[in-house]
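Peer 1: Sequence:
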Amino acid sequence: MPYFGDGSNLSGISGGGAYASGGGSGSTDQTSYQNVVSVTITPTQSNSHMLILVTGVVQGRAGNNSNNTSTGYAQVTRDTTQIGSQITAPASTKPFSQSILDTNNHGGNAVTYRLRLKNGPDSNFTKIARMGCAEGTNANTTQGNATLTIIEVPQ
Numbered sequence: 006m007p008y009f010g011d012g013s014n015l016s017g018i019s020g021g022g023a024y025a026s027g028g029g030s031g032s033t034d035q036t037s038y039q040n041v042v043s044v045t046i047t048p049t050q051s052n053s054h055m056l057i058l059v060t061g062v063v064q065g066r067a068g069n070n071s072n073n074t075s076t077g078y079a080q081v082t083r084d085t086t087q088i089g090s091q092i093t094a095p096a097s098t099k100p101f102s103q104s105i106l107d108t109n110n111h112g113g114n115a116v117t118y119r120l121r122l123k124n125g126p127d128s129n130f131t132k133i134a135r136m137g138c139a140e141g142t143n144a145n146t147t148q149g150n151a152t153l154t155i156i157e158v159p160q
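Take the position in the sequence shown, starting the count at 1, then add 5; the result is the number in this note's numbering.
FYI, nobody ran anything at the bench for these hints, they're computed from the structure. Please note: incorrect hints may appear among the correct ones.
Unchecked claim - Simulated restraints on C-beta separations:
1. Leu-106 to Ser-37: 47 to 53 Å
2. Tyr-24 to Asn-143: 19 to 25 Å
3. Thr-45 to Asn-143: 31 to 37 Å
4. Thr-47 to Asn-143: 38 to 44 Å
5. Gln-148 to Ala-23: 26 to 32 Å
6. Asn-73 to Asn-52: 48 to 54 Å
What you are looking at is a predicted structure, and each value in this text was computed from that prediction instead of being measured. All C-beta atoms in this analysis are idealised placements derived from N, C-alpha and C, irrespective of residue type, glycine included.
I would like the entire structure built from these sequences, with the hints used as guidance.
Peer 2: This is the structure we're talking about:
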């Protein structure tokens, strides 16, 4: 049933939770994960859940033979614990979009989520993995920012 008016007579509706977001892009030749985007959220309730939304692209270097290609890997973490699925882009650009409901007990303490990138172990000869919002206009480039958004879901 629709309600019309200024809302002054509404009751029994709980307020929303906390919200935090960030964006970034980057590249690495490292085979261990590097932080690209970090977002810290301070919950308003001790028993709430967190909805994590991530979008962007990950790219492994495309080359003309196996000696100059690489695989880009991306992951979403709570602190350093992977949540969601790892994104893999062997010698290609792969868009990603994940929605993750994190039900970990944070106890009301601030939590940091990260979007991380690494270059695959198959990589050598200055191969680079990249992360951004979209494939670039030239081969082996990305443009814009990958995004990480955290929404507290009160219980």
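Peer 1: So, for every hint listed, does it hold in this structure?
Peer 2: Hints, one by one, checked against the model:
no.	hint	result
1	Leu-106 to Ser-37: 47 to 53 Å	28 Å, violated
2	Tyr-24 to Asn-143: 19 to 25 Å	36 Å, violated
3	Thr-45 to Asn-143: 31 to 37 Å	35 Å, holds
4	Thr-47 to Asn-143: 38 to 44 Å	41 Å, holds
5	Gln-148 to Ala-23: 26 to 32 Å	30 Å, holds
6	Asn-73 to Asn-52: 48 to 54 Å	51 Å, holds
Consistency with the previously given hints fails for numbers 1, 2, ordered from lowest to highest.
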